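Q: Sequence:
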Amino acid sequence: MRLLLFIWLSASATCVTAQGFDALKQPGVVALMRHALAPGTGDPAGFAVTDCSTQRNLDARGREQARRTGDALRDAGVTFDHIWTSQWCRARDTAVLMEMGDVEEKPPLNSFFAGRGDRAAQTAATLDLIAELPEGDRLLIVTHQVNITALTGRGVGSGEIIVTRRTGDGLEMVDRFLVAP
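Residue numbers -18 to -1, 1 to 163, in mature numbering (1 follows the signal peptide of the UniProt record, and there is no 0), belong to the letters of the sequence shown in order.
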């Protein structure tokens, strides 16, 4: 049985934990997604948030990963009331390619890797934005590994979604979801 499950997961390139998509369908869920595959680390010298040519961007596998993730979510009946993204092109492109709804840029979701921002201030601002939403609204955030780790204390792979719920102390992880690149 384990071999069959491994073969199925390998063939579909989708990995969902025991709760499956149910966790993503719950009222008030906050899904934190790291942008899809964009090979490399950080951004090149001369980075400008308004110019994608100066940034590390999604490659063909990353664009396909974003599309397949959106397909898997829609096929499972997952919807979101809000979709927020970093202003970085790789995050915004991931959110748009998923075709889950209108995408809204939120500057606190921008990467603070390598001193490009302020970890504490951006994390607090993100939690404040989430707290302003009506309690039952479902939210998808497409951002960066450093932001997700700051919010959850967890690492996250390219294109992976950490499913959380709001608590009085921030966000609590309840599940993970990944369509492998």
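Hints were generated in silico from the structure; no laboratory data involved.
Please note that the accuracy of each hint is not assured.
Mimicking EDC-like on lysine to aspartate or glutamate, the simulated pairs with C-alpha atoms at most 20 Å apart in a straight line are [claimed, not checked]:
no.	residue 1	residue 2
1	Lys7	Asp84
2	Lys7	Asp33
3	Lys88	Asp53
4	Lys7	Glu81
5	Lys88	Asp57
6	Lys7	Glu117
7	Lys7	Asp41
8	Lys88	Asp41
Using C-beta positions, here's what the derived DEER-type ranges look like [unchecked claim]:
no.	residue 1	residue 2	range
9	Ala102	Ala42	24 to 30 Å
10	Phe3	Ala107	27 to 33 Å
11	Arg49	Thr23	34 to 40 Å
12	Ala102	Gly150	29 to 35 Å
13	Asp84	Arg43	21 to 27 Å
14	Gly97	Gly118	15 to 21 Å
15	Arg43	Ala106	30 to 36 Å
16	Lys7	Thr36	36 to 42 Å
17	Gln69	Glu154	40 to 46 Å
18	Glu117	Gly28	23 to 29 Å
19	Ala96	Pro116	15 to 21 Å
20	Thr23	Asp110	17 to 23 Å
Since the model is a prediction, treat every value here as computed from it, not as a measurement.
Glycine included, C-beta positions come from ideal geometry on N, C-alpha and C.
Q: Does each hint fit the structure? Answer for all of them.
A: Going through the hints against the structure:
{"no.": "1", "hint": "Lys7 / Asp84", "in the structure": "holds (18 Å)"}
{"no.": "2", "hint": "Lys7 / Asp33", "in the structure": "violated (35 Å)"}
{"no.": "3", "hint": "Lys88 / Asp53", "in the structure": "violated (24 Å)"}
{"no.": "4", "hint": "Lys7 / Glu81", "in the structure": "holds (17 Å)"}
{"no.": "5", "hint": "Lys88 / Asp57", "in the structure": "violated (27 Å)"}
{"no.": "6", "hint": "Lys7 / Glu117", "in the structure": "holds (14 Å)"}
{"no.": "7", "hint": "Lys7 / Asp41", "in the structure": "violated (29 Å)"}
{"no.": "8", "hint": "Lys88 / Asp41", "in the structure": "violated (23 Å)"}
{"no.": "9", "hint": "Ala102 / Ala42: 24 to 30 Å", "in the structure": "violated (36 Å)"}
{"no.": "10", "hint": "Phe3 / Ala107: 27 to 33 Å", "in the structure": "holds (29 Å)"}
{"no.": "11", "hint": "Arg49 / Thr23: 34 to 40 Å", "in the structure": "violated (24 Å)"}
{"no.": "12", "hint": "Ala102 / Gly150: 29 to 35 Å", "in the structure": "violated (19 Å)"}
{"no.": "13", "hint": "Asp84 / Arg43: 21 to 27 Å", "in the structure": "holds (26 Å)"}
{"no.": "14", "hint": "Gly97 / Gly118: 15 to 21 Å", "in the structure": "violated (37 Å)"}
{"no.": "15", "hint": "Arg43 / Ala106: 30 to 36 Å", "in the structure": "holds (34 Å)"}
{"no.": "16", "hint": "Lys7 / Thr36: 36 to 42 Å", "in the structure": "holds (38 Å)"}
{"no.": "17", "hint": "Gln69 / Glu154: 40 to 46 Å", "in the structure": "violated (27 Å)"}
{"no.": "18", "hint": "Glu117 / Gly28: 23 to 29 Å", "in the structure": "violated (43 Å)"}
{"no.": "19", "hint": "Ala96 / Pro116: 15 to 21 Å", "in the structure": "violated (36 Å)"}
{"no.": "20", "hint": "Thr23 / Asp110: 17 to 23 Å", "in the structure": "violated (29 Å)"}
Hint compliance for this structure: hints 2, 3, 5, 7, 8, 9, 11, 12, 14, 17, 18, 19, 20 are broken, all remaining hints hold.
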